[in-house]
Amino acid sequence: MSLLSWGMYPKVTNTVFKFNSEERLKEIISEYNDLIPYGNGRSYGDSALSSNIINVKPKDYFIDFDEEQGLLHVQAGVLLSEILEAYVPRGWFLKVTPGTKLITVGGAIASDVHGKNHHVEGCFSECVKEFEIMLADGEVVTCSKETTPDLFRATCGGQGLTGVILEAKIYLKKINSQYIDQTTIKTKNLKETFAAFEEYQDKPYSVAWIDCLAKDKEIGKCLLMVGDFRDDGKLDYRLKPQKSIPFNFPSFALNNWSVRTFNWLYYGKAKEGVSKQRVDIDTFFYPLDAIGHWNRIYGKNGLTQYQFILPKETSYEGLEEILTAISKSGKGSFLAVLKLYGKANNNWLSFPIEGYSLALDFKIEKGLFELLDQLDEIVVKHKGRIYLTKDVRVSKETFEQGYPHIEKFRQYRKANKMDSKFQSYQSKRVGI
Amino acid sequence: MSYVLIIGAKSDIAKACAREYAKHGYDLCLAARNVNELSEFAQDVTTRTQKSVKLLELDILDYKSHQGFYDSIEEKPLGVISAVGYLGEQEKAQSDFEEAKRIMDTNYTGVVSLFNIIADDFEKRRSGFIVGISSVAGDRGRKSNYIYGSAKAALSAYLSGLRNRLYDAQVHVLTVKPGFVATKMTEDMDLPEKLTAQPDEVASDIFNAQQKGKNVLYTKWIWRWVMLIICSIPEFQFKKMSI
Ligand SMILES: Cc1cc2nc3c(=O)[nH]c(=O)nc-3n(C[C@H](O)[C@H](O)[C@H](O)COP(=O)(O)OP(=O)(O)OC[C@H]3O[C@@H](n4cnc5c(N)ncnc54)[C@H](O)[C@@H]3O)c2cc1C
Ligand SMILES: NC(=O)c1ccc[n+]([C@@H]2O[C@H](COP(=O)([O-])OP(=O)(O)OC[C@H]3O[C@@H](n4cnc5c(N)ncnc54)[C@H](OP(=O)(O)O)[C@@H]3O)[C@@H](O)[C@H]2O)c1
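First to last, the sequence lines map onto chains R and L.
Just so we're aligned, residue 1 is where the first sequence starts under the numbering used here, counting upward by one.
Just so we're aligned, residue 433 is where the second sequence starts under the numbering used here, counting upward by one.
In case anyone wonders, no lab produced these hints; they're calculated from the structure.
Check each hint, because a few of them may be wrong.
[As the list claims (entries may be wrong)] Listed next, the in silico SDA-like pairs over lysine to any residue satisfying Cα-Cα at most 20 Å (straight line):
1) 483/L / 66/R
2) 455/L / 4/R
3) 455/L / 414/R
4) 626/L / 4/R
5) 414/R / 66/R
6) 483/L / 239/R
7) 18/R / 590/L
[Stated by the list, open to error] Label-pair ranges, simulated between beta-carbon atoms:
8) 288/R / 632/L: 50 to 58 Å
9) 27/R / 486/L: 28 to 36 Å
10) 670/L / 27/R: 23 to 31 Å
11) 367/R / 457/L: 51 to 59 Å
12) 630/L / 288/R: 47 to 55 Å
13) 457/L / 66/R: 21 to 29 Å
14) 497/L / 137/R: 44 to 52 Å
15) 661/L / 30/R: 43 to 51 Å
16) 630/L / 27/R: 56 to 64 Å
17) 497/L / 288/R: 47 to 55 Å
18) 192/R / 646/L: 55 to 63 Å
Glycine included, every Cβ here is placed at the ideal spot set by N, Cα and C.
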C-alpha cells in the first residue's frame, strides 16, 4: 500500500521498504535510489514522498532513560505521544513540541520542529544531544553539534535528505503538573495583536489564532493564548481515545460560509479582553489531536498548509498585505496560526527566524495555487521564507531567496553523495 | 510480584500485549524460542513503564519440556496469555503432512500441552486468568486456510471447555478471535484496511476484555458480525464459494 502525507495531496504511488536490521537498511540504500525516510506522515506536503520510501515508524523502541540528566534514548520511530504517555506521569515533558504529538522523533529532527515556546527554547535540535544516522554509503554515524557540526546542521531541518536517523538522545524537561494556566487575550486588529505578543513575551508558551476572513479595520484580530505549567503536582496524564473522521467529507462541505461560521463561533465564544483558564496538556498543546484523521474534513482532494515567516522589521506590513490578499480572495482557512519567534539557529534549513510566522490551511481547489503564488511574492518582497515540512508547491526561485545557507546544504549533499541517494518530490522541485 | 506470563512473546500481538499490561502496572515474563532476541524489547518495556521484564526460553513444540518450564518458575504468574501460532502454507500442508502437523501442533497440541499444566496449577490455587489467541479462521473452514482453521477451531473448543471446567475455581478463560491483524504473519498479504486491526488495538481489546471477564473476544469487533454472516451461509451454498 502506498503512503501519502497529511495533506493527502499529491496522490502518489510508491514502494515502501521496512527494515529489521541495519544490514537490511544498508542493502536497501545500496540497491535503490530516490529514497526518502518516512516517519508518521504528519508533514503536509511532499517532504516525505518519493517513489521509494523507507518506513522508520516501526523502529519504536525506548532504549534508556537517564533520570539524573533527563536524557531519553529512543529509536527514531517512537512517537512524541508515546514519550508523553510514559513520562508525563513521572514529571517529564518535551522541551520542544509541535502542535501535534503524533510525529516521530526522526521527523521532529528532520524538520527541526518548533512549538509555542520557540522564543524561549528554540527548535527541537536544541534538545537533541546526539543521534545515529545511516548515511548514503551505509555507514552509521553518531552525530552531535560538537563532534560532527556540519552533519548536524544539515540533518536538523534537512528533511530526510542526509540519511536515515535511527536513534536519538533527547533531553526532557521537568514539570510538576499536567495542567497549564492559560491566559486568553482577544484583540480587535493586527496592531493590538502585535502589541499583545510583545506584552506577553515573557510567557514561555504563546500562540495566536487569527480570523483570516476578517475585513478592513478588523484584519488581524485574534485570540492570543499564552501560558505556563502549573505547580500542583497533578501528573495523572493518560492518552485519550481519539474520535475519528471515518471518511473524506464531500469537498463542498468546507466553503467560505462554513469557515466564516466556524471563525465567528470560535472568536465569538471567547470573552472580551483578557480571560484566564486552567487547561490540560492535550487541550493546550494538541487541540487537533482530539480528532483522528481531521484532514478528511477537507475532502478527497486534500489540503495544504501555507506557512511563512517574516523578519520582525517587515512583519507588520507584510502580514497586513497577506491577510488583505486572503480576505479578498475569499478562500477559507479554518486554521490560521500566528506566532512571534525567537532567534534563528545555525542549522542550514531550519525554518524559524526572529519574526512573525503565519500558518494557514487550505483545501486543494482550483485557483488556490495562483493565490499562493501571489502570497509568495509578498513573502519574498518582505524577505521571508516558506516552511518546507508544510509545503507542496513552492518554486525553486521563491524557496532559494528565503534560505541563505542553501548552497552549503547543496554542496554538502553532493560531497557526501547524498544527492544521488536521497530525494523527495520536494527536493527535486526546489533543487536541494 | 504480580506478573503476567506471555507465551510466543515474539509475536507482534504479544509484544503489543506486553506493552499494554506493563502500562497498566503489571510486571512481565516473556517466553519464546530464541528468547534472547527479545532483550532489546524487554529494555523498551522497562524504559517506558519501569516494570520488570523477565525472559524465558520456550519451544511450544517441545512438549516434554513444558512441565519443567513451568516448575522452574518460582513464583507463579497472575495470568497467562498465549499468542503462539503458525499460519503455514495451506497448499503445502495439503500434500506435505509435516507442514500440516506443524500447523496443528503449533496452534493446538503445543498450547494444550502447556495450558493443561498451567490450568492445573491455577485450579489448585483458585486464581488466575488464561488468554488464548485463536482466530476467526476457526469459526468456519475455508479452502484457503482450513488446516490452520481447523487447528484454531480445536483451540477454540479447548478454551471453551477449559472455561467451563475452571469456572468453579474462579479462573477466567478468554478466547480471542482476531480477524485480520497487521503483523509479521500477514506482512505479504494485501489486507482490507477497514477490517484490519493494528497489534496495539488488539492488545488494548484483549486487556479490556480480560479485565472485564469476557469470554469470547472478536477484534476488531466488526468480525463478530462478519463471522455471523459467514457462518450462516448454508453449506450447500458455502461449498461453491471462494472467500
Ligand atoms: C496538526 C499538525 C500540527 C503541526 N504543528 C507543527 C508545529 O507546531 N511546529 C512544527 O514545526 N511542525 C508542525 N507540524 C509539522 C510536523 O511536526 C512535521 O511535519 C514533522 O516533521 C512530522 O513528523 P513525522 O514523524 O510525521 O514525519 P514525516 O511527515 O513522515 O516526515 C517529515 C520529514 O522528516 C523526514 N524524516 C522522517 N523520519 C526520518 C528519519 N528517521 N530519518 C531522517 N528523516 C526522517 C522525512 O523524510 C520528511 O522530510 C504539524 C503537523 C500537523 C499535522
Ligand atoms: N495476524 C493475523 O491476522 C491473525 C489473525 C488471527 C489470529 N492470529 C493469531 O494471533 C497470534 C499471534 O500472531 P501474530 O499475528 O502476532 O503473528 P506472529 O508474529 O507470526 O506470531 C506467531 C508467534 O508464534 C511463535 N511460535 C511459532 N512457533 C513456535 C514454537 N514452536 N515455539 C514458540 N513460539 C512459536 C512465533 O515465534 P517466532 O517469532 O520465533 O517464529 C511467533 O512469535 C497467533 O496465534 C495467530 O494465529 C493472527
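Cross-check of the supplied hints:
1. 483/L / 66/R: holds, 16 Å
2. 455/L / 4/R: Answer violated: residue 455/L to residue 4/R is near 31 Å, above 20 Å.
3. 455/L / 414/R: Not satisfied, since the Cα-Cα distance of roughly 46 Å exceeds 20 Å.
4. 626/L / 4/R: holds, 17 Å
5. 414/R / 66/R: violated, 37 Å
6. 483/L / 239/R: Roughly 19 Å between the alpha carbons, so the hint for residue 483/L and residue 239/R holds.
7. 18/R / 590/L: Cα-Cα ~37 Å, so violated.
8. 288/R / 632/L: 50 to 58 Å: Because 21 Å falls outside the window, the suggested range is violated.
9. 27/R / 486/L: 28 to 36 Å: Holds, at about 34 Å.
10. 670/L / 27/R: 23 to 31 Å: violated, 45 Å
11. 367/R / 457/L: 51 to 59 Å: Holds, since residue 367/R and residue 457/L (Cβ atoms, about 55 Å apart) stay within the stated range.
12. 630/L / 288/R: 47 to 55 Å: violated, 21 Å
13. 457/L / 66/R: 21 to 29 Å: holds, 23 Å
14. 497/L / 137/R: 44 to 52 Å: Roughly 46 Å apart at Cβ, these two residues keep to the hinted range, so it holds.
15. 661/L / 30/R: 43 to 51 Å: holds, 49 Å
16. 630/L / 27/R: 56 to 64 Å: Hint violated: Cβ distance 27 Å, outside 56 to 64 Å.
17. 497/L / 288/R: 47 to 55 Å: Cβ of residue 497/L to Cβ of residue 288/R: about 52 Å, so the range 47 to 55 Å holds.
18. 192/R / 646/L: 55 to 63 Å: holds, 57 Å
The structure fails hints 2, 3, 5, 7, 8, 10, 12, 16 (numbered hints given earlier, in ascending order).
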